[in-house]
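K.L.:
Chain by chain, the residues:
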Amino acid sequence: MSNAELVKLSAAQMAEKIRSKEVSSRELTQAHLDVIEAAEPTVNAFLHVSGKEALAQADAFDKKLAAGDTEGLPELAGVPIAIKDMIVTKGIPTTAASKILEGWVPPYDATVIEKIKAAGMPILGKTNLDEFAQGSSTEHSAFGNTHNPWDATRVPGGSGGGSASAVGSYEAPLALGTDTGGSIRQPGAFTGTVGVKPTYGGVSRYGAIAMASSLDQIGPCARTVLDTALLHEVIGGNDRRDSTSIPAPVPPVAAAAREGLKRDLKGVRVGLIKEIGGEGFEAGVAARFNEAVKLLESMGAEVKEVSLPHLPYSLSAYYIIMPSEVSSNLARYDGMRYGLRVMPPAGVPQTSANMMAYTREAGFGDEVKRRIILGTYALSAGYYDAWYGSAQKVRTLVIDDFNKAFEQVDVLVSPTAPSTAFHFGEKTSDPLSMYLGDVATIPANMAGVPAMSIPCGLSDNGMPVGFQFFAPQRHDEAMYKPAAALEAALEEQWGGNILTKMATPWLNA
Amino acid sequence: MATFTREEIEHLADLARIALTDEEITRMQSELNAVADAIDEVQKVATDDVPPTANPVPLEAYLRPDVAVTPLTQEEALAGAPATDQGMFVAPQILGE
Amino acid sequence: MAEKLMKFSEAVKRFDPVIGLETHVELCTNTKLFCPAHIEFGGEPNTQLTPVSLGLPGSLPVINETAVDFAIKLGLALHCEIAEWSQFARKNYFYPDMPRDYQISQYDKPTNGNGYLDVELDDGSIFRVPIERAHIEDDAGKNTHVGGADGRIEGADHSLVDYNRAGVPLIEIVTKPIEGAGERAAEIAGAYMRTLRDIVRALGISHARMEQGNMRADVNVSLRNKPTDPLGTRSETKNVNSFRGIEKTIVYEIRRQAALLTDGGEVLQETRHWDEATQTTAGGRVKTDADDYRYFPDPDLVMLHITKEHIERIAKDMPEMPRERRNRLQKEWKFSDLEMRDVINADALDLIEDTVKAGASASGAKKWWLGELSREANAQGVSLEELPITPADVAEVEKLIASGKLNDKLAKKTVSGVLAGEGTPDEVVKKHGYEVVQDTGALEAAVDQALADNPDIVEKLKSGNMKPMGAIIGAVMRATKGQADAKAVSGLVMKKLH
Numbered sequence: 000m001s002n003a004e005l006v007k008l009s010a011a012q013m014a015e016k017i018r019s020k021e022v023s024s025r026e027l028t029q030a031h032l033d034v035i036e037a038a039e040p041t042v043n044a045f046l047h048v049s050g051k052e053a054l055a056q057a058d059a060f061d062k063k064l065a066a067g068d069t070e071g072l073p074e075l076a077g078v079p080i081a082i083k084d085m086i087v088t089k090g091i092p093t094t095a096a097s098k099i100l101e102g103w104v105p106p107y108d109a110t111v112i113e114k115i116k117a118a119g120m121p122i123l124g125k126t127n128l129d130e131f132a133q134g135s136s137t138e139h140s141a142f143g144n145t146h147n148p149w150d151a152t153r154v155p156g157g158s159g160g161g162s163a164s165a166v167g168s169y170e171a172p173l174a175l176g177t178d179t180g181g182s183i184r185q186p187g188a189f190t191g192t193v194g195v196k197p198t199y200g201g202v203s204r205y206g207a208i209a210m211a212s213s214l215d216q217i218g219p220c221a222r223t224v225l226d227t228a229l230l231h232e233v234i235g236g237n238d239r240r241d242s243t244s245i246p247a248p249v250p251p252v253a254a255a256a257r258e259g260l261k262r263d264l265k266g267v268r269v270g271l272i273k274e275i276g277g278e279g280f281e282a283g284v285a286a287r288f289n290e291a292v293k294l295l296e297s298m299g300a301e302v303k304e305v306s307l308p309h310l311p312y313s314l315s316a317y318y319i320i321m322p323s324e325v326s327s328n329l330a331r332y333d334g335m336r337y338g339l340r341v342m343p344p345a346g347v348p349q350t351s352a353n354m355m356a357y358t359r360e361a362g363f364g365d366e367v368k369r370r371i372i373l374g375t376y377a378l379s380a381g382y383y384d385a386w387y388g389s390a391q392k393v394r395t396l397v398i399d400d401f402n403k404a405f406e407q408v409d410v411l412v413s414p415t416a417p418s419t420a421f422h423f424g425e426k427t428s429d430p431l432s433m434y435l436g437d438v439a440t441i442p443a444n445m446a447g448v449p450a451m452s453i454p455c456g457l458s459d460n461g462m463p464v465g466f467q468f469f470a471p472q473r474h475d476e477a478m479y480k481p482a483a484a485l486e487a488a489l490e491e492q493w494g495g496n497i498l499t500k501m502a503t504p505w506l507n508a
Numbered sequence: 000m001a002t003f004t005r006e007e008i009e010h011l012a013d014l015a016r017i018a019l020t021d022e023e024i025t026r027m028q029s030e031l032n033a034v035a036d037a038i039d040e041v042q043k044v045a046t047d048d049v050p051p052t053a054n055p056v057p058l059e060a061y062l063r064p065d066v067a068v069t070p071l072t073q074e075e076a077l078a079g080a081p082a083t084d085q086g087m088f089v090a091p092q093i094l095g096e
Numbered sequence: 000m001a002e003k004l005m006k007f008s009e010a011v012k013r014f015d016p017v018i019g020l021e022t023h024v025e026l027c028t029n030t031k032l033f034c035p036a037h038i039e040f041g042g043e044p045n046t047q048l049t050p051v052s053l054g055l056p057g058s059l060p061v062i063n064e065t066a067v068d069f070a071i072k073l074g075l076a077l078h079c080e081i082a083e084w085s086q087f088a089r090k091n092y093f094y095p096d097m098p099r100d101y102q103i104s105q106y107d108k109p110t111n112g113n114g115y116l117d118v119e120l121d122d123g124s125i126f127r128v129p130i131e132r133a134h135i136e137d138d139a140g141k142n143t144h145v146g147g148a149d150g151r152i153e154g155a156d157h158s159l160v161d162y163n164r165a166g167v168p169l170i171e172i173v174t175k176p177i178e179g180a181g182e183r184a185a186e187i188a189g190a191y192m193r194t195l196r197d198i199v200r201a202l203g204i205s206h207a208r209m210e211q212g213n214m215r216a217d218v219n220v221s222l223r224n225k226p227t228d229p230l231g232t233r234s235e236t237k238n239v240n241s242f243r244g245i246e247k248t249i250v251y252e253i254r255r256q257a258a259l260l261t262d263g264g265e266v267l268q269e270t271r272h273w274d275e276a277t278q279t280t281a282g283g284r285v286k287t288d289a290d291d292y293r294y295f296p297d298p299d300l301v302m303l304h305i306t307k308e309h310i311e312r313i314a315k316d317m318p319e320m321p322r323e324r325r326n327r328l329q330k331e332w333k334f335s336d337l338e339m340r341d342v343i344n345a346d347a348l349d350l351i352e353d354t355v356k357a358g359a360s361a362s363g364a365k366k367w368w369l370g371e372l373s374r375e376a377n378a379q380g381v382s383l384e385e386l387p388i389t390p391a392d393v394a395e396v397e398k399l400i401a402s403g404k405l406n407d408k409l410a411k412k413t414v415s416g417v418l419a420g421e422g423t424p425d426e427v428v429k430k431h432g433y434e435v436v437q438d439t440g441a442l443e444a445a446v447d448q449a450l451a452d453n454p455d456i457v458e459k460l461k462s463g464n465m466k467p468m469g470a471i472i473g474a475v476m477r478a479t480k481g482q483a484d485a486k487a488v489s490g491l492v493m494k495k496l497h
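Chains B, D and V are the protein sequences, given in the same order.
Be aware that the first sequence starts at 0, since it is given in numbering that gives the first Met the number 0, and climbs by one per residue.
Be aware that the second sequence starts at 0, since it is given in numbering that gives the first Met the number 0, and climbs by one per residue.
Be aware that the third sequence starts at 0, since it is given in numbering that gives the first Met the number 0, and climbs by one per residue.
Derived from the structure by calculation, the hints contain no laboratory data.
Model, not experiment: these values are computed from the prediction.
Beta carbons are placed, not taken as given, at the ideal position from N, Cα and C, and that holds for glycine.
There could be a bad hint or two in this list.
Claimed, not checked - SDA-like, lysine to any residue: derived pairs with alpha carbons at most 25 Å apart:
id: 1; chain 1: V; residue 1: K141; chain 2: D; residue 2: A67
id: 2; chain 1: V; residue 1: K429; chain 2: V; residue 2: I456
id: 3; chain 1: V; residue 1: K90; chain 2: D; residue 2: I93
id: 4; chain 1: V; residue 1: K90; chain 2: D; residue 2: E7
id: 5; chain 1: V; residue 1: K366; chain 2: V; residue 2: A419
id: 6; chain 1: V; residue 1: K108; chain 2: B; residue 2: Y383
id: 7; chain 1: B; residue 1: K98; chain 2: D; residue 2: A67
id: 8; chain 1: B; residue 1: K51; chain 2: B; residue 2: K116
Said to hold, decoys possible - Listed below are several chain B residues computed to face chain V (Cβ distance under 7 Å; list not exhaustive):
id: 9; residue: M0
id: 10; residue: E4
id: 11; residue: L5
id: 12; residue: V87
id: 13; residue: G90
id: 14; residue: G206
id: 15; residue: S212
id: 16; residue: S213
id: 17; residue: S242
id: 18; residue: E324
id: 19; residue: D333
id: 20; residue: A380
id: 21; residue: Y387
What the hints assert, rightly or not - Here are a few chain D residues that sit away from chain B, every Cβ distance over 10 Å (derived from the structure):
id: 22; residue: R5
id: 23; residue: T25
id: 24; residue: G86
Just chain B, with the same shape it has in the complex (with noise of 0.2 Å):
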């Protein structure tokens, strides 16, 4: 098997091979640091590579599996992986994309990369993102642009556009996302990928870099539904040491998802949200939704419109909410402990108040530096109770919205996004363009529900769109199942993957 077949096998293939023998950790993971060296000139998706590390991990694992001491491991063991670098990794630089963290190497892992490391999976690299998870086209990291590997003059979405291209690009078969207001959706429907977002506290957020804490949440990202969900049950779980994770196992995502591909949806109920679509969704996007929710209908599911009333409140409520714990969270950025220091100009005392102010000035770029001056006023005295105490009144309306509707069905579905990846600099410009763009995907932060997008086609212009599915808190294997038989009934129109669709000249090199 050439390396080119073997990358573009699922993870779920790769970890066959890898426990048949048939292909080793070390073969696996070094035909991907391969892929990277030759895809990276066109998709920039990584900010650090770690192909030593990842090299050695894979190494480990092969002696391990050697000398039959896999016991207790998951499906996935052996498998690499690429992490955003929004999370943590001892001794791997870790930069938020951000010049005011640029060149930290933390002293400790997030507990995701201590159970992806006790997996025996080797770390490929951090990928590239928005500065700090903000942003929703990779654009506004302070090292680079990702390019979305179906068209390199588009965006890969964003934050998590590194994560998303890196998948996409066959550059690692997984890899782990934020996401805070869609940031590993978004980017899964803009590269035609597979993103989840857990059920908030599913997924321990300690050692994940925190953007808007009541919101964050890691999520695996791949190429196929079942590979998202054996990731996500190597992640998820309860962690004592972040105090927001439900004490309770990772639900049977797995299991849901290998149901699913049975393709028989009899008794499941499907809910299309009244709030989500019309105007402002492009044509493409629409049809795409639109043959899938029929294809889902065909393999039984009933589906019905149902009304989320609050839901077009939940991004104003999110714009107050997401900047306030911003501007909190990114206080610490001061130029003390870690991270960028500078100094003031002369002329300018020598203080360590102004030290503070223009490290800060410097090290934080234009998106972070809006959010967190907005967020800053939403807290201060007197804005308090209008602004950020509103926007939680929202969330509780929210969250009653989404309760009441999963008594009456048990997932709901929408496009990912109003429009499939743009142009650069198509939407710099317009900040409230770009947060529309997240209409669809920002309710599920809000409410703490799990969402995934998977692809389903593409528009007229030839780039993916996601569709978008919504379960109820705590029971994220509710998605799985239609989402694994949607992505089985496609991939038989498509005739494989919806990537076999995109031109991959870095694989023929």
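For this one, chain B is given, so just place chains D and V on it according to the hints.
P.N.:
Quick look at chains D and V alone, frame taken from chain B:
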């Protein structure tokens, strides 16, 4: 409807410890006004009878046993610091209150 | 520039002072409030840190169970309402010693609210201090200022930051405005602080050593013309770390504000500092909207749920409170109110109790600690506790006296020896040969000699006039170089005369 004056943004920048340039302040004024207008909307539904939700998934605090773990070494703690001296982090002049 | 002051007696005649105290008590938990870093006073800098207490990106706080238990204990002792649901909030401000540039504290949902503390004043009366809240929060690191005079922040060139203290749990006890204190404002504040200190020590939740900064207070003072007026503008004197300092701050602020108001001036809402060297408070920063802390519920923490069962579990193990203990000990020791107050004021309660436990009589223990040893501590400028003598040593001296081995004079010499570091009382006695003459032969010889030398006194004694007995004892003492027991001497004399 919220509008941001220059002075207001300067004050916020001071609270947030960011030495914004004049040009940034001007730009931010218009950008923030646009966002602020959009979010005035929440007050339409955030009535008195609605309780606020801080954490989307309702949990009560786990209380950690009072047992120590191995701490970071001094070397690890200081490794990323811009300036250190005698095992401590160096802060430029702190003005008294 | 020296500020104008009004005579205190005049100030409290013309104005009604209202005080308030915000006391920070450092809890003596094993690990920090939000992370499992071990806490130790005086360790190497920056060696008691986890990623959480260093504020590293990605780190998250988790509440320490013992800190919550301690807060409940204090809440019970202060008769507070203990909230079933309390919440931690972020207090946002930038400072180099703050690892996250926000403090995690409690804001509108504190664990303890609405209590009181009864304090006993010098005249034995009880004053009830109303408590607004007692909330949990974490401490900041420590700055060492370099390049200025005496390590002061003013004029320093830069500072060195040690984050070991960052994250140490604190409870802040906030009183409601203390009204009706009048001229006794300072006394009430002092008594409140001492009582609070005794309570947290009795509860075992803090070492409460003011000199180590385990306990420090912000002192608020305002004046108004009469008790029915609304509260006046207050000054806030920060981080006063001695009982005397707190009392003096209140007297000073009352005098300063009275002079200011009488001259038609205005009290500024400002933070001030007590300066031990000049015995004055110095003006600081006027409160502005720069004090906009942007409090909001910490999204990294969820609601703290304290169940009835949890409170009951803590209540079952509550130790005896200081005032109950004092009453019990007073009865056991048969001390008068006045004697007991002297003991309390001398901070000698624990020491006397331990001395009694070690075998001494209560009156004997009190005599030493409030007499000789208090004088010694005063002379050295240290507390009784800090003297190099233990309650066990004192009890041993008392035993030697009771058994007749030491007389008062030798006992004092023995104690001096212990204080000088010469060893235990036994060792000192042996080293110097302090023991009283037990050899009756030698003593009898000395008595015979004294009687023979003073025939006129012998006559008086025989006729029942006991007054000159002292002269005989004195003579025997001289002959035995002080090592005779006075009682034994007078017994022998009486025997020989009859």
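K.L.:
Of all the hints numbered above, which does this structure not satisfy? Sort the numbers upward.
P.N.:
2, 7, 9, 10, 11, 13
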